[in-house]
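Engineer: Here's the letter readout for the chains.
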Amino acid sequence: MSEGIGVGHALPIGGEGRQSVGWWGVMCLIATEGALFAYLLFAYFYAAVNADTPWPPSGPPDLKIASLNTVILISTSGTLWLSEHDLERNRIRRSRLWLLATIVLGVIFVSLQLVEWSNKDFTPTSHTYGSLFFIITGTHLAHVCVGIVALAFMLVWTLLHYFDAERHNVFTVGALYWHFVDVVWLFIFSSLYLLPNLGLTHGG
Amino acid sequence: MQTPRLERVPRFASPQDVAGLEARLERLFEPTHGLRAWLGTVDHKKLGVLYIVTAFVFLLAGGIEALVLRVQLAFPSQRLLSPEAYNQLFTMHGMTMIFLYSLPVLSGIAIYVWPLMLGARDLAFPRLNALTYWTYLFSGLFLYSTLPIGLSPNAGWFNYVPLSAQPYNPGPGIDVFALGMVLLGFSTTGSSINFIATLARLRAPGMSINRMPILVWGTVTASVGNLFMLPAVSLCFFLLHLDRNYGMHVYSGYGGGPLLWQHIFWFFGHPWVYALVLPAMGIASDGLPTFCRRPLVGYTFVALSTVATMMIGYGVWTHHMFATGLSPMANSLIGAASITIAIPSAIGVFAWIATIWTGRPVITTAFLHFAAMIFLFVAGGVTGVMTAAVALDWQLHDTYFVVAHLHYVLLGINLFPVLGGIYYWFPKMSGRMLDETLGKIGFWLSFIGFNIAFFPMHLLGLLGMPRRIYTYETGLGWDRINLVITVGAFLLALGIAVFLFNVARSLRHGRVAGNDPWGGGSLEWSTTSPPPAYNFAVIPFVASRHPLWENALDEGPQRSVVRRGFVLDAGKETAGTTLLDGMPYTIVRIADETYVPLALAVAITLFFVALLFKALWIAAACIIAMIALTGAWMWPRAELGQRRAVRHE
Chain A
1 MSEGIGVGHA
11 LPIGGEGRQS
21 VGWWGVMCLI
31 ATEGALFAYL
41 LFAYFYAAVN
51 ADTPWPPSGP
61 PDLKIASLNT
71 VILISTSGTL
81 WLSEHDLERN
91 RIRRSRLWLL
101 ATIVLGVIFV
111 SLQLVEWSNK
121 DFTPTSHTYG
131 SLFFIITGTH
141 LAHVCVGIVA
151 LAFMLVWTLL
161 HYFDAERHNV
171 FTVGALYWHF
181 VDVVWLFIFS
191 SLYLLPNLGL
201 THGG
Chain B
1001 MQTPRLERVP
1011 RFASPQDVAG
1021 LEARLERLFE
1031 PTHGLRAWLG
1041 TVDHKKLGVL
1051 YIVTAFVFLL
1061 AGGIEALVLR
1071 VQLAFPSQRL
1081 LSPEAYNQLF
1091 TMHGMTMIFL
1101 YSLPVLSGIA
1111 IYVWPLMLGA
1121 RDLAFPRLNA
1131 LTYWTYLFSG
1141 LFLYSTLPIG
1151 LSPNAGWFNY
1161 VPLSAQPYNP
1171 GPGIDVFALG
1181 MVLLGFSTTG
1191 SSINFIATLA
1201 RLRAPGMSIN
1211 RMPILVWGTV
1221 TASVGNLFML
1231 PAVSLCFFLL
1241 HLDRNYGMHV
1251 YSGYGGGPLL
1261 WQHIFWFFGH
1271 PWVYALVLPA
1281 MGIASDGLPT
1291 FCRRPLVGYT
1301 FVALSTVATM
1311 MIGYGVWTHH
1321 MFATGLSPMA
1331 NSLIGAASIT
1341 IAIPSAIGVF
1351 AWIATIWTGR
1361 PVITTAFLHF
1371 AAMIFLFVAG
1381 GVTGVMTAAV
1391 ALDWQLHDTY
1401 FVVAHLHYVL
1411 LGINLFPVLG
1421 GIYYWFPKMS
1431 GRMLDETLGK
1441 IGFWLSFIGF
1451 NIAFFPMHLL
1461 GLLGMPRRIY
1471 TYETGLGWDR
1481 INLVITVGAF
1491 LLALGIAVFL
1501 FNVARSLRHG
1511 RVAGNDPWGG
1521 GSLEWSTTSP
1531 PPAYNFAVIP
1541 FVASRHPLWE
1551 NALDEGPQRS
1561 VVRRGFVLDA
1571 GKETAGTTLL
1581 DGMPYTIVRI
1591 ADETYVPLAL
1601 AVAITLFFVA
1611 LLFKALWIAA
1621 ACIIAMIALT
1631 GAWMWPRAEL
1641 GQRRAVRHE
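Protein chains in written order, with our numbering: chain A, 1 to 204; chain B, 1001 to 1649.
In isolation and in its complexed conformation, chain A is listed as follows (with noise of 0.2 Å):
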């Protein structure tokens, strides 16, 4: 009966993406950061709901830095998918340049996320709104900080030439982060920034 269930062939040592358990480990940390995400806007929505003064206090947040922003982060999904793209193909010089393009990329927007918060009119003292505010887009810039971290190893580990076509999984597996840490900030920006301006706003 073993015959059957495929005695005699080769395996892959390890394997590369949903063969290997590094994969379902950082799909595992997805689902529970994601959770995490879900339940910050939750508190968000609930106070927006339940607050009886204008939410947000100070009208809607402005748009301009966070859209640019916004661009600048989601091209970062695409610059890490050519890296990828590339390393699959073997052209890791390449692959490294696209990869040095994210992480320049990323700390654009750690730079510009911090003189948006420096232009806020209040802190996250000031009241409810604030500190949710101030709480939620820091949690999901220091996110973003362990992704550049992240992708600051994958660097070095290129440059070592640890990874080619046939051996990326633990590229592969920190790729995945940065997209997860991408749409995150999706979700974020629709309902901080996005919302208030399409007129949901509350009270005001």
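Check before you lean on any hint, since a few could be wrong.
[What the hints assert, rightly or not] FRET-style restraints, in silico, Cβ to Cβ:
no.: 1; chain 1: A; residue 1: 17; chain 2: B; residue 2: 1008; range: 11 to 21 Å
no.: 2; chain 1: A; residue 1: 67; chain 2: B; residue 2: 1325; range: 37 to 47 Å
no.: 3; chain 1: B; residue 1: 1039; chain 2: A; residue 2: 85; range: 39 to 49 Å
[Claimed, not checked] Partner residues aside, some chain B positions facing chain A, computed with beta carbon under 10 Å:
no.: 4; residue: 1006
no.: 5; residue: 1167
no.: 6; residue: 1169
no.: 7; residue: 1229
no.: 8; residue: 1243
no.: 9; residue: 1254
no.: 10; residue: 1267
no.: 11; residue: 1383
no.: 12; residue: 1386
no.: 13; residue: 1486
no.: 14; residue: 1541
no.: 15; residue: 1571
no.: 16; residue: 1627
no.: 17; residue: 1630
no.: 18; residue: 1635
no.: 19; residue: 1644
The hints are simulated quantities; they were obtained by calculation from the structure and are not laboratory data. Positions of the beta carbon are idealized from the N, C-alpha and C atoms, including for glycine.
Given chain A, put chain B in place with the hints provided.
Structural biologist: Chain B alone, transformed into the frame defined by chain A:
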């Protein structure tokens, strides 16, 4: 240098055909001995034992706290404990039992038993397994750190704001609780991820998902549930910490407020109850058939009702909040959903009863514990349905009736099956049998003591005694019942003491068990007791749900193969299989012993200690250490198949 091969055809043979196989595996899987081997271990058997022992130490701590509370309440108007000391003790008791005992003990049993049941040589992430153990241990010590100086958390295990908010509760206890829960959350999340990845890839070839033991179903259901519920508890405690220490207004001011805490907390808290019982029900579902000498009745229904319970469990969190003035529509819907849980629960109960009814029960100590679970689950379930009725809940809310209900459920479906599971698997873990006479004495003491302690609490609740009061006046009709409860609590404690004595004695003097003392049907009974470091010399092939019972059951022509299988000895390896069918898919490499998980756990814990003291520079230094250690951990290794050894362009 040579490039490691990317793929290989694993040899299929019996251990006798491979010269020196067992000695080679022994060297690979157990390279060191002594203290070093424990601190740096990634072996699921060592870590499982550490988990179980640590959880039982916390069980004793929480039990002693409960006994002190019961002495205080034995007679009216006692002054053994001050109100503040009483508040701290009941908070520590609840926190210890619910967070530091109930789930970790189930994780420990699953960590030990899973790979043996699944025909694997370890979990999917052995180093993560070590990390989650050390963070569990350190978070427990962290949560207990202020007990000796009398500044423990004191607002109950669900820690409602504003009682736990800074203006009303300025001491360090609540911050210790808040940060400790976030730290413990890392541990529980990590172990959940480990179980899911192990289930997805590490089952023996041929073990399709309809052939997995029910314990595996229970643990993985709890783990998937944990992934989605744990961020809620970590978040609500973290937000509280920010409110208390950095002047934020999540739970105060416009919009936030106390009910936000209750929503987020119970969105975690209710599914958590199922995470504490579903794996334990799995223990009974796998143990009972062995002692009834027949397969579990209704395997598919039990497996599916396990999953269904967790899913419905996500939709019932506000039944803890019926008294908070939510809309009647919300209360009705959640009340109805809560009552629905009776259906999957009843499926489990009837499956167990039918298994006993149609089997030939062997009345061992383990069997008694599993049978007691059925009885206590029914009793606790009925009071659960009662409190799911909104109108009745308004009457019973915050009385001893609820205390009775939750203890029937949590001790009934956690402690009793856990003790049964230890009687069942202790021979596998230690190679020796627990004493049956002592076991039965211990069982009856704890079973009778439990019911004397907790059944009268229903009456006390109906008589109106609120929970969490440090004393009461005489003449309210509560005096005699409280004394009876205290006597019962000490009987229960005596039963546990007999159990511990039995364990200590049997470790040295117990009868030698042999591979399969109970005539079990699952793979763990095919290896030696205790198992070798590598579990299986060759990876078995599974053809049915009960690989060791096939000849007795004679359900079909297929036979599992446990004496021959994949050899896998080119390093620390085990077989990777596909998610649904369990077809051979990959060769999974297992990490070597390392101190990195222990060091990382120390760094994470120091980070939380620094946050507690608001020493932000030390916290920053800890972050740098965490990055360095994570980098060392994740550094791609050729022996794990993550990179080529060296590549020249």
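Engineer: Evaluate each hint against the coordinates.
Structural biologist: Hints, one by one, checked against the model:
no., hint, result
1, A/17 x B/1008: 11 to 21 Å, "holds, 19 Å"
2, A/67 x B/1325: 37 to 47 Å, "holds, 41 Å"
3, B/1039 x A/85: 39 to 49 Å, "holds, 43 Å"
4, 1006, "holds, 6 Å"
5, 1167, "violated, 15 Å"
6, 1169, "violated, 19 Å"
7, 1229, "holds, 8 Å"
8, 1243, "holds, 8 Å"
9, 1254, "holds, 5 Å"
10, 1267, "holds, 7 Å"
11, 1383, "violated, 30 Å"
12, 1386, "violated, 30 Å"
13, 1486, "violated, 41 Å"
14, 1541, "holds, 4 Å"
15, 1571, "holds, 9 Å"
16, 1627, "holds, 6 Å"
17, 1630, "holds, 8 Å"
18, 1635, "holds, 8 Å"
19, 1644, "holds, 6 Å"
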